[in-house]
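Please model the complete structure; the sequences and the hints are all you need to start from.
Letter by letter, the chains look like this.
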Amino acid sequence: MPSVSVKILLFATLRDKYHTKELVVNCNGSIKSLIESASEVLGKEFLRDIYDEELGKIREDITLMINGRNIKDLKGNIVLKDQDVVAIFPPLAGG
Amino acid sequence: MGKILKVDLSAGSLKSELVLEDIAKKYLGGKGYTVYLLHRYLKEYESKGILPADINPLGPENILIFATGPGTGIQGFPCSGRYHVMALRSPLTGSIGSANSGGEWGPFLKFSGYDMIVIEGAAESPVYLSIIDGSVELRSARDLWGKNVFDTCRILARRVGGKNVSVACIGPAGENLVSMACIMNDEHRAAGRTGLGAVMGSKKLKAIVVSGEKEVPIANPDKFKEVSRRCLETMRKNRVTGEGLPTYGTSILINIINAAGALPYKNWQSGVNPDADKISGETLAATYLIHRRACWGCIIGCGRVTRVPSGPFQILETEGPEYESIWALGSATGVSDLDAIVKANHYCDEFGMDPISLGSTIAAAMELNERGYIPKEDLQGLDLRFGNSTALVEATWRTAYKAGFGKYLALGSKKLCEIYGHPELSMSVKGLEMPAYDPRAIKGIGLDYATANRGGCHVSGYTISSEILGIPEKTDPLKLEGKAKWVKLFQDFTCVVNSTVNCLFATFALGVKDYAELLSAVTGWSLSEDDILRIGERIYNLERIIINKLGFDGKDDTLPKRLLEEPMPEGPAKGHVIKLEDIKEEYYRLRGWVNGAPTAEKLKELEIEF
Chain A
967 MPSVSVKILL
977 FATLRDKYHT
987 KELVVNCNGS
997 IKSLIESASE
1007 VLGKEFLRDI
1017 YDEELGKIRE
1027 DITLMINGRN
1037 IKDLKGNIVL
1047 KDQDVVAIFP
1057 PLAGG
Chain B
1191 MGKILKVDLS
1201 AGSLKSELVL
1211 EDIAKKYLGG
1221 KGYTVYLLHR
1231 YLKEYESKGI
1241 LPADINPLGP
1251 ENILIFATGP
1261 GTGIQGFPCS
1271 GRYHVMALRS
1281 PLTGSIGSAN
1291 SGGEWGPFLK
1301 FSGYDMIVIE
1311 GAAESPVYLS
1321 IIDGSVELRS
1331 ARDLWGKNVF
1341 DTCRILARRV
1351 GGKNVSVACI
1361 GPAGENLVSM
1371 ACIMNDEHRA
1381 AGRTGLGAVM
1391 GSKKLKAIVV
1401 SGEKEVPIAN
1411 PDKFKEVSRR
1421 CLETMRKNRV
1431 TGEGLPTYGT
1441 SILINIINAA
1451 GALPYKNWQS
1461 GVNPDADKIS
1471 GETLAATYLI
1481 HRRACWGCII
1491 GCGRVTRVPS
1501 GPFQILETEG
1511 PEYESIWALG
1521 SATGVSDLDA
1531 IVKANHYCDE
1541 FGMDPISLGS
1551 TIAAAMELNE
1561 RGYIPKEDLQ
1571 GLDLRFGNST
1581 ALVEATWRTA
1591 YKAGFGKYLA
1601 LGSKKLCEIY
1611 GHPELSMSVK
1621 GLEMPAYDPR
1631 AIKGIGLDYA
1641 TANRGGCHVS
1651 GYTISSEILG
1661 IPEKTDPLKL
1671 EGKAKWVKLF
1681 QDFTCVVNST
1691 VNCLFATFAL
1701 GVKDYAELLS
1711 AVTGWSLSED
1721 DILRIGERIY
1731 NLERIIINKL
1741 GFDGKDDTLP
1751 KRLLEEPMPE
1761 GPAKGHVIKL
1771 EDIKEEYYRL
1781 RGWVNGAPTA
1791 EKLKELEIEF
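Chains as they are written, first to last, in our numbering: chain A, 967 to 1061; chain B, 1191 to 1800.
These are calculated hints, taken from the structure and not from any lab test. One thing to keep in mind: the hints can contain errors.
[As the list claims (entries may be wrong)] Once the Cα atoms are required to be at most 27 Å apart in a straight line, the calculated BS3-like pairs of lysine-lysine come out as:
id	chain 1	residue 1	chain 2	residue 2
1	B	LYS1675	A	LYS1041
2	A	LYS1038	B	LYS1427
3	A	LYS987	B	LYS1664
4	A	LYS1041	B	LYS1669
5	B	LYS1404	B	LYS1215
6	B	LYS1669	B	LYS1566
7	A	LYS1023	B	LYS1427
The structure is reproduced here in structure tokens:
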């Protein structure tokens, strides 16, 4: 599969924990490969924090947006494109 | 059952009445009981030939009610440090006035011996109400009139003393009848919206100080202990109430709402703010945060104590700003200097004003000015342009004192924009400025804004919870289908929360079932989940009857033209507008309303005596 370059933005406690606001990684277009590539930079714990390997998807309480669209609202097989921006948020709320 | 204090400020008289159990069973306390009383006043006035349209929001005939509920002030009842306050008419909107606040005042009112305070009439000269261990007095506030919120709270707390003392008051904005003036308590907590501070100011009531040690009754203490323990454990384990909110407070929303393309920017010209990160919760935590703060009895602790150590907007210590305050004073105005936003928010606390309505009004003025609609001589040198931090801070105190251009800002965005010939630039619904979520990018909240009884209000039916945060389940923010039932559910349940009275944030972890069990244990009544939602629906409908009588119906359940007709220019919602007509009809069908008014059948079904 061709390699795509994707920017990842981190927020809130993820930003604190990994001391990173944003990073650009190459992946094969699948969400799993994106998170795996990021964890090569940020550490293995990042994969555990974001991805549930048993269920084969992003952890239920993590918000992951691709170009501003929550992955839970997107239908079908998700394939990342070159220059996509992925924003990842831990559980949060407000008013 | 508890007691209601009835105050007639015109006559200077004080009376005690009992909370009636059969009313409380139908409406609970807090907002519910208050809506019942306000409707009763409307009927009394009608029988005397005083029509709803005759009620001057700043006249002695307006009624102001402070209320707690069965859960307030009970240790272990989740987040129960709140109170609700309402007026028959808001001076900002002309519709019903309604607001809610945290801190300590709600529980301490209960400890002082009263569940509710009903205020009629107006005093001839400034007074404050003191309730100490059940003993009530109206005292002269001549020496306090003109003082800011901080001084008023400190002086009265020292003067009255005693255990569990708390002060609710108005600042100069309320005294000056600024239409967005609010009621403050414990220095930095606000019953913010709909201008209730001006109602209090029109009654020359400067403050209410409470103090006492009365215990709040629990009908079934063993059952309550068990349910409370479970609910608190749920909240501690929940990643939002146990981790996210305590760590960052509400300002953490700035970046996620911006990522969704829904952070209104420059008077809602866009939903994408290129400077969002500069004014985000992450930046606030990294720069100005000292520590967090909790309201009475709350295990979340989302409050922020902050400082700006140096520079032109220096403040040694303050609280906030919250997400809404940062948005309104920052993103709406295009200001990206966080220190200026903190300072303007501090002034809102000090002078007693709603930052949402203020920020949005300043934003409207900025757009009017940039388009050349405001004559230079009216501005009196105030350079109101998007992004001007100095003008933002100056406009804030000018509004509180109606000084220079501030006298126009003090009217709120609807009247301001009407004066300058462009009402379409007021981003308000029923005269109340909308909070920080663009309905073109988050559609369900648009339906809530349009149909919320007090006007453009997010906390009436906070569908953001589902549409963005995925609580209790995720819905797509760009879709309107299926949202009518969510809006109704959130609106009805929120009425229950505001009648309990506890904090809406508990519902990020707790649901209807938890409230049914908590309230059953506290009251001794057997309340099911259906009963709870029915009570909420009843309250919502009776409040709707009141606003119908005040002249608001289906034509007012709408949104500003910008959101209906101007496509979002950028971001994930690019090209979107919000189309309300079909979803509104579906909402009315679910509600049992026609043209924004409950039908007689619906009222009968809900056992509302109309």
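Okay, the hints, checked on the actual structure:
1. LYS1675(B) with LYS1041(A): holds, 23 Å
2. LYS1038(A) with LYS1427(B): holds, 23 Å
3. LYS987(A) with LYS1664(B): At roughly 26 Å apart (the allowed maximum being 27 Å), LYS1664(B) and LYS987(A) satisfy the hint.
4. LYS1041(A) with LYS1669(B): Judged against 27 Å, a Cα distance of about 13 Å means the pair holds.
5. LYS1404(B) with LYS1215(B): holds, 23 Å
6. LYS1669(B) with LYS1566(B): violated, 44 Å
7. LYS1023(A) with LYS1427(B): At roughly 22 Å apart (the allowed maximum being 27 Å), LYS1427(B) and LYS1023(A) satisfy the hint.
The earlier numbered hint that this structure contradicts is number 6, and it is the only one.
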